[in-house]
Amino acid sequence: MKSEYTDSIRKEFGSVILDENVSHNETYLTVKRESAVKVCDYLYHHFDAPIVSIFATDERRTDGCFKIHYVFSLDKEDAFIIIKINIDEKSPVFGSITHKIPSANWYEREIQDMFGLVPKGHPDPRRLINFEDWPPDSYPLRKDFDIRTKPPRVKGEYVYRRVEGEGVYEIPVGPVHAGVIEPGHFRFSVAGEPILNLEIRHSYTHKGVEKLFENISIDKAVFLAERVSGDNSVAHAVAFCQAIEKIAGAKIPKRAKYTRTILLELERLYNHLGDIAGIATDVAYAFGAAHANRLKEEVMQLNESVTGSRLLRGMNTIGGVRRDIGGSEEIILEKLSSLNLDFSELMELLFASPSVADRIETTGRLYNDIAKGLHVVGPAGRASGIVRDTRRDHPYAAYGELAFDVPVLKSGDVNARTRVRSDEVYESISLIEQAFSRISDGDIKVNIREIPDGYALGYAEAPRGETLYWVKTSKNMIERCKVRDPSFCNWLAIEYAVLDNIVPDFPIINKSLSLSYSGNDM
Amino acid sequence: MTVEDELEIMGQRLNEKIKNIFGRSLHIREVDAGSCNACEVEVTALSNPIYDIERFGLHIVASPRHADMLLVTGPVTRNMELALLKTYNATPCPKLVAAMGSCACNGGIFGDTYASGGGVDKFIPVDVYIPGCPPRPQAVIFGLMVAVDKLDQKIRKKEA
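Chains D and S, in that order, give the protein sequences. Adding 5 to a residue's 1-based position in the first sequence gives its number in the numbering used here. Adding 284 to a residue's 1-based position in the second sequence gives its number in the numbering used here.
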């Protein structure tokens with residue numbers, strides 16, 4: 006990282022910096038608790054650095070305090086600045102930055118639920134992860150909370166925002182839906198058909214994943230990472246493995262890097278095809294849906310024949326990959342060339358169909374400034390003018406050596422999100438072809454016996470967008486693992502995207518944002 | 285044997301059973317009780333043009349009130365427990381419950397913790413377990429076949 010960033014922070018805030026520490030491309034600055042809001046505000050507005058994660062750690066045993074980390078990404082430098090503050094147990098409060106940086110909203114509420122640290126001045130301090138029947142003074146991610154505890158259910162009430170007026174009524178939807186989707190609650194306030202307000206309530210699938218990471222061995226943790234959000238298994242596993250490899254200072258073999266790239270792109274392919282199929286289904290374009298579903302199934306069967314798993318599970322491991330896919334080059338490339346043909350024909354038909362255009366153009370518009378304020382990532386962000394892609398901004402695996410475009414559109418409607426995905430399908434096919442042409446012989450795994458104590462960020466661009474892991478190890482175990490799934494950033498966008506749309510368009514808008522409930526709730 | 289061949293054989297057998305017991309078709313309501321969404325990917329695949337389970341008389345319905353069977357995924361999280369019980373109670377008798385996926389069977393990797401319930405059978409009676417993480421679509425069809433046999437036994441027992 007260029008020193009101009011740290012220099013300018015030092016110049017501006019020299020007196021509040023307590024400690025400074027650089028490892029790899031991550032710069033950690035510990036500042037005084039009361040200055041965090043100012044420093045974060047400066048980084049966000051002055052450097053235009055998006056905040057990509059906020060999390061707490063319980064370090065009372067070693068350092069006698071809790072710590073909160075604010076992770077900023079410097080995309081142009083391929084670097085991260087992490088602002089840290091120490092919080093004493095006796096005064097468990099910190100200043101909320103949500104009024105300056107709207108994307109901090111859910112992170113701060115998550116910290117409040119899981120650690121019992123209160124974000125002072127938060128505009129909406131309701132529960133986020135734990136439900137109203139969760140007892141107060143019980144915080145799952147504190148070190149003195151045993152994972153097997155089953156706290157009693159207490160009486161409590163969750164109050165939804167109310168919209169009042171003549172003819173306004175509420176439609177509650179979920180958690181058990183009519184379709185085959187994950188559980189979540191949606192509360193619409195409508196007057197006639199147009200949606201006046203939508204409030205989402207999640208965390209139905211909260212499985213205690215971050216706590217579980219601290220209770221299993223690092224080898225097994227790779228399997229857990231694959232199960233944070235099932236259809237993004239590879240991206241999660243790669244992000245986690247990279248964090249551990251960074252801590253161990255291990256360089257993985259070139260062949261493993263290329264294999265990971267191929268797997269990541271196969272995952273993107275079946276996900277994008279599935280999303281396009283879903284959008285076609287929701288606009289009642291049955292012909293297109295049937296074909297897109299067929300193409301998705303073909304990629305999943307290809308996945309199974311190459312890796313043994315339709316969802317590409319079990320391939321990644323700390324230090325590389327478990328299985329060489331070199332022997333499958335021919336069948337993969339053959340399938341991709343037929344996919345390319347079929348897919349381009351299908352997209353031509355889909356985008357030329359007036360009935361589809363009528364449903365997707367201007368529907369579910371997510372304005373560029375809102376997308377930026379909420380830090381919307383992945384295809385949803387790129388369809389709203391956000392030029393970010395982890396593969397390009399923070400190259401990992403073999404992406405630094407491959408050529409690819411990052412399609413970006415500005416209109417932010419369902420149409421734009423469909424087109425971004427469609428363009429990315431071609432890029433994925435090209436990336437896999439390039440990877441096979443450059444892959445070299447050699448090992449697929451390097452053995453890492455001891456994992457030293459340390460901490461690092463691991464990241465990957467999942468089909469849904471930027472996926473981030475921050476892992477801290479201690480004595481060959483995980484001390485803390487913060488998982489940031491892309492959906493955690495993108496869910497709030499739906500509350501804005503549906504405004505002024507009609508209720509029957511909600512499913513298409515939801516599908517076009519392609520959000521994971523499990524990745525969000527963990 | 286290709287996927288299509290396997291499917292054709294199993295599907296026809298299942299279709300026969302369903303016809304004998306239900307007359308026409310088996311109505312299924314899927315309930316995600318906190319899965320990682322991989323099982324949902326596979327349940328969705330059952331309706332794609334390759335598997336197309338509707339042709340074998342299997343119908344995924346929108347409400348538990350229309351269902352003969354609940355297909356439950358996930359380890360049953362603390363936050364989904366109540367919703368699962370309500371869905372079970374809303375399903376008319378005689379009903380079947382299939383636990384789909386490793387975590388629905390016994391909690392899987394999520395185990396039994398403050399947030400994860402450790403399997404469906406701790407909360408509602410389960411007739412059939414379909415292991416796998418996630419089970420392949422063929423495995424799900426096979427599991428449904430076993431479940432239909434179980435219902436046959438249940439009905440006979442009641443009559444006797």
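Mixed in with the good hints there might be a few duds.
[What the hints assert, rightly or not] Straight line, CA to CA, 20 Å or less: simulated EDC-like cross-link-like pairs of lysine to aspartate or glutamate:
#, chain 1, residue 1, chain 2, residue 2
1, D, Lys72, D, Asp224
2, D, Lys415, D, Asp458
3, S, Lys303, S, Glu292
4, D, Lys155, S, Glu292
5, D, Lys148, D, Asp446
6, D, Lys477, D, Asp446
7, D, Lys256, D, Asp446
8, D, Lys251, D, Asp224
9, D, Lys160, S, Glu365
10, D, Lys155, S, Glu288
11, S, Lys370, D, Asp80
12, S, Lys379, S, Glu443
13, S, Lys370, D, Glu162
14, S, Lys370, D, Glu484
15, D, Lys89, D, Glu484
16, D, Lys225, S, Asp396
17, D, Lys415, D, Asp428
18, D, Lys377, D, Asp80
19, D, Lys477, D, Glu64
20, D, Lys72, D, Asp138
21, D, Lys256, D, Glu219
22, S, Lys434, S, Glu300
23, S, Lys434, S, Asp396
24, D, Lys340, S, Glu288
25, D, Lys125, D, Glu39
26, D, Lys480, D, Asp446
27, D, Lys155, S, Glu300
28, D, Lys148, S, Asp396
[Claimed, not checked] Which residues of chain S face chain D? A few of them, derived with a C-beta cut under 8 Å, are:
#, residue
29, Leu291
30, Met294
31, Val315
No lab work stands behind these hints: they were computed from the structure. Note that the structure is a prediction, hence the values are computed from the model and not measured. Glycine included, each C-beta is placed from N, C-alpha and C at the ideal position.
We went through each hint and held it up to the structure:
With a C-alpha separation of about 27 Å, the suggested pair D:Lys72 and D:Asp224 falls outside the 20 Å cut-off, and the hint is violated. A hinted pair counts as satisfied when its Cα atoms are at most 20 Å apart, and D:Lys415 with D:Asp458 does not qualify at roughly 44 Å. A C-alpha spacing of about 16 Å is found between S:Lys303 and S:Glu292, which places the hinted pair at or below 20 Å, so the restraint holds. With a C-alpha separation of about 46 Å, the suggested pair D:Lys155 and S:Glu292 falls outside the 20 Å cut-off, and the hint is violated.
Only pairs whose Cα atoms come within 20 Å are accepted, and D:Lys148 paired with D:Asp446 is rejected, the gap being roughly 45 Å. A distance of roughly 33 Å separates the Cα atoms of D:Lys477 and D:Asp446; the hinted pair therefore is violated under the 20 Å criterion. For a cut-off of 20 Å, the pair hint linking D:Lys256 to D:Asp446 stands: about 16 Å separates their Cα positions. Between D:Lys251 and D:Asp224, the direct Cα distance comes to roughly 15 Å. Compliance with the 20 Å bound is thereby established for this hinted pair.
Distance check on the hinted pair: D:Lys160 and S:Glu365 sit about 16 Å apart at the alpha-carbon level, within 20 Å; holds. For the suggested pair D:Lys155 and S:Glu288, the alpha carbons sit about 46 Å apart, so the restraint of at most 20 Å is broken. Straight-line distance between C-alpha atoms of S:Lys370 and D:Asp80 comes to about 48 Å, which puts the hinted pair past the 20 Å bound. Taking the CA atoms of S:Lys379 and S:Glu443, the gap is near 16 Å; set against the 20 Å cutoff, the hint holds.
Straight-line distance between C-alpha atoms of S:Lys370 and D:Glu162 comes to about 19 Å, which keeps the hinted pair within the 20 Å bound. A distance of roughly 38 Å separates the Cα atoms of S:Lys370 and D:Glu484; the hinted pair therefore is violated under the 20 Å criterion. Only pairs whose Cα atoms come within 20 Å are accepted, and D:Lys89 paired with D:Glu484 is accepted, the gap being roughly 17 Å. With a CA separation close to 17 Å, the supplied pair D:Lys225 and S:Asp396 stays within the 20 Å bound.
For the hint linking D:Lys415 to D:Asp428, the alpha-carbon distance of about 14 Å falls within 20 Å, and the restraint holds. Distance check on the hinted pair: D:Lys377 and D:Asp80 sit about 14 Å apart at the alpha-carbon level, within 20 Å; holds. At roughly 11 Å between alpha-carbon atoms, D:Lys477 and D:Glu64 fall within 20 Å of each other, so this suggested pair holds. Straight-line distance between C-alpha atoms of D:Lys72 and D:Asp138 comes to about 27 Å, which puts the hinted pair past the 20 Å bound.
Restraint check for D:Lys256 and D:Glu219: the C-alpha separation of about 25 Å exceeds 20 Å, so the hint is violated. Annotation: proposed proximity of S:Lys434 to S:Glu300 holds, straight-line Cα distance about 15 Å (limit 20 Å). Restraint check: the Cα-Cα separation between S:Lys434 and S:Asp396 comes to about 28 Å, which exceeds 20 Å; the hinted pair is violated. The straight-line distance between the Cα atoms of D:Lys340 and S:Glu288 is roughly 18 Å, inside the 20 Å bound, and the hint therefore holds.
The straight-line distance between the Cα atoms of D:Lys125 and D:Glu39 is roughly 11 Å, inside the 20 Å bound, and the hint therefore holds. With a C-alpha separation of about 35 Å, the suggested pair D:Lys480 and D:Asp446 falls outside the 20 Å cut-off, and the hint is violated. Simply put, D:Lys155 and S:Glu300 have alpha-carbon atoms about 45 Å apart, too far for the 20 Å limit, and the pair is violated. Straight-line distance between C-alpha atoms of D:Lys148 and S:Asp396 comes to about 18 Å, which keeps the hinted pair within the 20 Å bound.
The beta carbon of S:Leu291 comes no nearer than 12 Å to any beta carbon in chain D, farther than 8 Å, and the hint placing it at the interface is violated. Against a cut-off of 8 Å between C-beta atoms, the interface hint on S:Met294 is violated, since the closest Cβ of chain D lies about 17 Å away. For the restraint placing S:Val315 at the interface with chain D, the shortest Cβ-Cβ distance is roughly 6 Å, inside the 8 Å limit, so the hint holds.
When each numbered hint is compared with the structure, violations occur for hints 1, 2, 4, 5, 6, 10, 11, 14, 20, 21, 23, 26, 27, 29 and 30.
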